[in-house]
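Q: If you want the building blocks of each chain, they are given just below.
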Amino acid sequence: GAGVSQSPSNKVTEKGKDVELRCDPISGHTALYWYRQSLGQGLEFLIYFQGNSAPDKSGLPSDRFSAERTGGSVSTLTIQRTQQEDSAVYLCASSSYGGHTEAFFGQGTRLTVV
Amino acid sequence: AQSVTQLDSHVSVSEGTPVLLRCNYSSSYSPSLFWYVQHPNKGLQLLLKYTSAATLVKGINGFEAEFKKSETSFHLTKPSAHMSDAAEYFCVVSDLEAAGNKLTFGGGTRVLVKP
Numbered sequence: 001g002a003g004v005s006q007s008p009s010n011k012v013t014e015k016g017k018d019v020e021l022r023c024d025p026i027s028g029h030t031a032l033y034w035y036r037q038s039l040g041q042g043l044e045f046l047i048y049f050q051g052n053s054a055p056d057k058s059g060l061p062s063d064r065f066s067a068e069r070t071g072g073s074v075s076t077l078t079i080q081r082t083q084q085e086d087s088a089v090y091l092c093a094s095s096s097y098g099g100h101t102e103a104f105f106g107q108g109t110r111l112t113v114v
Numbered sequence: 115a116q117s118v119t120q121l122d123s124h125v126s127v128s129e130g131t132p133v134l135l136r137c138n139y140s141s142s143y144s145p146s147l148f149w150y151v152q153h154p155n156k157g158l159q160l161l162l163k164y165t166s167a168a169t170l171v172k173g174i175n176g177f178e179a180e181f182k183k184s185e186t187s188f189h190l191t192k193p194s195a196h197m198s199d200a201a202e203y204f205c206v207v208s209d210l211e212a213a214g215n216k217l218t219f220g221g222g223t224r225v226l227v228k229p
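Keeping their order, the protein sequence lines are chains H and G.
Heads up, the first sequence is in my numbering, so the first residue is 1 and it goes up one at a time.
Heads up, the second sequence is in my numbering, so the first residue is 115 and it goes up one at a time.
Please keep in mind that the hints were generated in silico from the structure rather than gathered at the bench.
The model shown is predicted, which means the values in this text are computed figures rather than measured ones.
Take these hints with a grain of salt, some might be off.
Said to hold, decoys possible - In silico BS3-like links for lysine-lysine, alpha-carbon gap of 27 Å or less:
no., chain 1, residue 1, chain 2, residue 2
1, G, K172, G, K228
2, G, K183, G, K156
3, G, K183, G, K172
4, H, K57, G, K163
5, G, K156, G, K228
6, G, K156, H, K11
Generate coordinates for the entire structure from the input sequences, incorporating the hints supplied.
A: Now the structure itself:
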């Protein structure tokens with residue numbers, strides 16, 4: 001597609017339920033990133049993929065969070081047993097590999113845990 | 115390790131006056147540096163990037179930034195602020211040799227433009 005696509009754009013879930021957030025990167029982009037932005041806060045790094053592998057998953061806040069990427073393309077971020085503090089906008093970005101390449105961001109998924 | 119510090123969390127300017135957003139970075143090698151802007155309820159948009167070709171980088175909407183290696187800084191400026199510049203701005207560092215393509219964001223600077 002023309003840009004990074006994220007779905008759903010909004011998700012309201014009950015505390016304790018699992019959610020899956022999807023990111024469809026720009027075609028051909030090998031690097032993919034997940035960030036979290038809480039209300040009024042900056043961007044919190046979650047995980048970074050190069051191809052299908054995740055060289056850096058240091059930002060995942062707990063073992064309730066996991067992510068995978070298949071076929072070097074679509075990525076899914078899964079949050080198990082959601083908590084209210086998981087409420088945030090989850091942003092996905094992609095870039096081509098190599099130095100000096102900027103990342104292109106999707107519009108994000110706004111997650112609300114009630 | 116790479117890191118970014120944006121020295122001001124909030125900046126308030128009057129329309130028509132200059133804007134200065136300060137950014138200092140830490141990187142072991144030769145970094146790429148970016149400024150992104152996020153307007154209210156909008157996605158992140160690239161303003162400009164430094165890629166070692168020139169130390170003074172011009173971006174969209176009249177913004178520019180100067181890379182100063184000796185000061186490890188990449189400050190963003192605009193000669194004359196417009197009301198539409200009210201947004202949050204993020205300084206970002208990426209160091210391919212040190213951290214692959216990982217992007218590290220600063221904490222953001224929220225800009226308020228007064229009429």
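Q: Does each hint hold? Answer for all of them.
A: Status of each hint after checking the structure:
1. K172/G <-> K228/G: This hinted pair holds, its Cα atoms lying about 24 Å apart.
2. K183/G <-> K156/G: violated (32 Å)
3. K183/G <-> K172/G: Between K183/G and K172/G the Cα gap is close to 17 Å, so the pair holds against 27 Å.
4. K57/H <-> K163/G: The given pair, whose Cα atoms are some 25 Å apart, holds under the 27 Å limit.
5. K156/G <-> K228/G: holds (21 Å)
6. K156/G <-> K11/H: Since the Cα atoms of K156/G and K11/H sit roughly 17 Å apart, the hinted pair holds (cutoff 27 Å).
When the structure is compared with the earlier hints, a violation turns up for hint 2 alone.
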